[in-house]
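Using the sequences plus the hints, can you model the full thing?
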Amino acid sequence: MAQHDSEDDLPSSAEDVSEEEDIQGQISEVPFEELQKARSNGSSSFRPFPAQKSVPKRANKNRPVEMSSKKPVGRFREVIQAPKRVLRDPRFENLCGSYEESKFKTSYKFLYDEELPAEKKRQQELLRKEKSSEAITNIQKHINWIDTQLREEQLRRKRDQKSSEQKQREKESVKQGKKPFYAKKSETRKQELIAKYKELKASGKLEAFLAKRRRQNAAKDHRYMPYRRQPHDAQADS
92 MAQHDSEDDL PSSAEDVSEE EDIQGQISEV PFEELQKARS NGSSSFRPFP AQKSVPKRAN
152 KNRPVEMSSK KPVGRFREVI QAPKRVLRDP RFENLCGSYE ESKFKTSYKF LYDEELPAEK
212 KRQQELLRKE KSSEAITNIQ KHINWIDTQL REEQLRRKRD QKSSEQKQRE KESVKQGKKP
272 FYAKKSETRK QELIAKYKEL KASGKLEAFL AKRRRQNAAK DHRYMPYRRQ PHDAQADS
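According to this note's numbering, the sequence shown holds residues 92 to 329 in order.
Some clues are possibly wrong.
Claimed, not checked - What follows is a list of derived Cβ distance ranges for each label pair:
no.	residue 1	residue 2	range
1	ALA150	LYS212	52 to 62 Å
2	TRP236	ALA286	38 to 48 Å
3	CYS187	SER159	45 to 55 Å
4	LEU301	CYS187	40 to 50 Å
5	SER255	LYS152	48 to 58 Å
6	LYS212	LEU301	27 to 37 Å
7	LEU297	GLN259	51 to 61 Å
8	LYS262	ALA309	18 to 28 Å
9	GLY165	SER198	27 to 37 Å
10	SER159	GLU110	41 to 51 Å
11	LEU301	ASP238	17 to 27 Å
12	ARG304	LEU241	16 to 26 Å
13	LEU301	SER198	58 to 68 Å
14	LYS303	GLN240	15 to 25 Å
It should be emphasised that the hints constitute simulated quantities derived from the structure, not laboratory data.
For each residue, glycine too, the CB sits at the ideal point set by N, CA and C.
Written out as structure tokens, the structure is:
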């Protein structure tokens, strides 16, 4: 009975041996590297998935790209150019509109009516409290600058008023059938000078103005006068 059982087991053992030989034959054809990978992964597949390349990304477009320090830097690198700074002048920009003098003067009239007088008052208060001679000089210069700006603005407004009155008179003359009269610039300056002299005379400042003007003219004439030659210069020439 035992002999019969051993005879029945012989075919099965022969089949197992043939299976092992087939498996060993298949394994012998597989590269050693793939066998190592399969052994480390614990998987029976000998076809590894292709590795996905990591694409470097930037969190912000203005930041540089993060690169590996092991990768050599090429000779011709891509340099990210910063956006060019464009300077705009509103005087020559079509988007800012065209310049209209009347609207400009009306919009910024408050600078001469409110801001500069208030600034002058503040500077005068600082001048009374200041003790440093250098600071006093700077404050006084600033006050003089404000006075000049206010005085020039006042003269400009007077010129504009006279010009508008002249234009209105010319319009009335044209309506009556007369020819328009356009005054020359020299005549306009002459009339402005006469009006200025009358105003200075009425305020009692005409003599001081004329004395200042004479000093300016004398300094100008003295600048262009030839210097007297010194005696040693004359001897050197001889």
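Status of the given 48 to 58 Å range, CB of LYS152 versus CB of SER255
holds, 56 Å
Given a hinted range of 41 to 51 Å, is it respected by the beta-carbon distance of SER159 and GLU110?
Cβ of SER159 to Cβ of GLU110: about 48 Å, so the range 41 to 51 Å holds.
Range hint 17 to 27 Å: satisfied by the CB atoms of LEU301 and ASP238?
Holds, at about 20 Å.
Status of the given 27 to 37 Å range, CB of LEU301 versus CB of LYS212:
holds, 32 Å
Please check whether LEU297 and GLN259 have a Cβ separation lying inside 51 to 61 Å.
violated, 31 Å
Using the beta carbons of LYS303 and GLN240, state whether their distance is inside 15 to 25 Å or not.
Because 20 Å falls inside the window, the suggested range holds.
Between ALA150 and LYS212, does the C-beta distance stay in 52 to 62 Å?
holds, 54 Å
Do LEU301 and SER198 keep their Cβ atoms within the hinted range of 58 to 68 Å?
violated, 39 Å
Note whether the CB distance of TRP236 and ALA286 lies within 38 to 48 Å or breaks it.
violated, 25 Å
When you take the CB atoms of ARG304 and LEU241, is the distance between them in 16 to 26 Å?
Because 21 Å falls inside the window, the suggested range holds.
For the range 45 to 55 Å, tell me whether the beta carbons of CYS187 and SER159 fit it or not.
Holds - the Cβ-Cβ distance for CYS187 and SER159, about 50 Å, lies within 45 to 55 Å.
Look at the Cβ atoms of GLY165 and SER198 and judge whether their distance stays inside 27 to 37 Å.
violated, 57 Å
The structure is inconsistent with the numbered hints 2, 7, 8, 9 and 13, although it conforms to all the rest.
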